[in-house]
Amino acid sequence: MSSDRHFQCTHCKNQFTKGAHYRDATIIQCPECLKTFIPDFWSYFRREWIEPISFAIVLALFIKRAFFEIYVIPTSSMEPTLHGGGHFPEDGGDKVLVNKLYYKFYDLKQWDVIVFVPPHQNQLYIKRLIGLPNQKLQIINGDLYVEGKICRKPKVVEESMLYKFYDSSLENGPLAHFRAFQAKDKWLPVGDKWKIEKNMFSFNHLDGLGKIIFNLPIDSRISSHRMTNIQKAANFTYKDSNGRGDIATSLDSSDSHKYFKVGDIAVDLVFNLKKGMGEFIVNIIENNHTYALKVDASTKKMSLFMDNKKVKEADIVLKENTTLSFRNVDDRLKASVGQSSLEYEFESNDQMSTTSTAELNFSCKNLSLSFKNLKIRRDVFYHHEDNVQGTFENDIKTYHIGDKQYLCFGDNVHQSLDGRAWGYVEEHKIKGRAEYILMPIRIWPGKDLPPQIPFITHRTRFKGIH
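Those letters in the sequence shown? Residues -17 to 448, per the working numbering, in order.
Calculated from the structure, these hints are not laboratory results.
Predicted model only: the values in this text are computed from it and were never measured.
Among the hints, a few may not be true.
To be verified - Straight-line C-alpha distance at most 20 Å; calculated DMTMM-like pairs for lysine to aspartate or glutamate:
hint, residue 1, residue 2
1, Lys282, Asp312
2, Lys240, Glu341
3, Lys354, Glu261
4, Lys354, Asp201
5, Lys276, Asp189
6, Lys166, Asp201
7, Lys379, Asp312
8, Lys137, Asp312
9, Lys282, Glu325
10, Lys118, Asp89
11, Lys347, Asp289
12, Lys357, Glu375
13, Lys283, Glu325
14, Lys357, Asp189
15, Lys347, Asp189
16, Lys357, Glu409
17, Lys413, Glu51
18, Lys354, Asp250
19, Lys240, Glu261
20, Lys135, Glu153
21, Lys0, Glu33
22, Lys137, Glu153
23, Lys316, Glu141
24, Lys131, Glu375
25, Lys240, Asp250
Could you put the whole structure together from the sequences, leaning on the hints where they help?
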């Protein structure tokens, strides 16, 4: 019995036979007209479409189950690192890619952002890992200490966790809805040689000294990132993380919260030295200590000072639109002017005290200078809020973490249900490491943004999580 298969060309109607190996072929070439045709549409559709798509779906489900997961951030507990969906009903929260295999090959590290199941609950949480097994961790004036030594964040983690609360390029900053930010002038000039315009600060006095003081609170308050236009118009209401209130009452009454002054501050700006051979100084004041970055136009040097004592120095090149950065974070001073940079670590001698003074000011001497694009950020301020977990040792909140246990906090400390409330996470309850922010991408344009293709929101960002 012949196993040959008979075909008829759909183009020239020529009838011909092919060998057995053509039995399952979905596309055939006619030997007469040399054109190709589909002898059986159902077989073609099944082999070329249904089977590959089905395989791809099964493979994707397997990969999702075994290797990766997409996790949607529901609340604001990890801001500013991750944005929650509660304040943004049209966009939803950040969509985060979670690597479920990462900790099969690598150890858990402090400052990782992880997904886990907390004690006595059956839903996934995403928080930052701040305490490792068998550690003694303490919260002292907003900072974390392990075995009596301050925990300094890696560079990328520090940058991710800094919260921007002032930007001179914006008419209204992220905290503009707080009454404390509405009732005050933002800046207090000392002397009459300062000129403050939109996104421009100028000092012109070649034979004198002037200072300008930042006059807004520098404390632990935090708002959601920039509100959309529809939210500003109050066209909808939302509940806070505890299910209370709408946007008007929640944001307006936030001044009644207890906030802690924060001396861990980061400053970034762009300056132009027009004339003079004097000095430009950035001062960060925390309690009784003054940390200063001095730019000396006469010697072309930058210097770090602690309480009027020079601790580091470097040569600089001054040119038009020179970038400047200065920060005091985790008992570490960092500064850069143009391509030059300095770093200095120290041990604070007032660990037991709370911050009573947090101030930022700029001073100029014998210069004509202007600066712009000023951004002021602060570090996360950890506090315990009298939660039941942990103990007090010498009036310091202390956590003794057991074997194969981990302690996790949210970056938005004021609005985070975390290890301070439900304790330590067991190692086998950790599901993976948060790797990337993938979206949000809006499915359809809303009232607060004009239509665009694709419908990408002002919050859309693709980046790694640190």
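| query | What hints, given by number in increasing order, does this structure fail? | reply | Failing hints, ascending: 1, 4, 12, 14, 16, 19, 20, 21, 22, 25.
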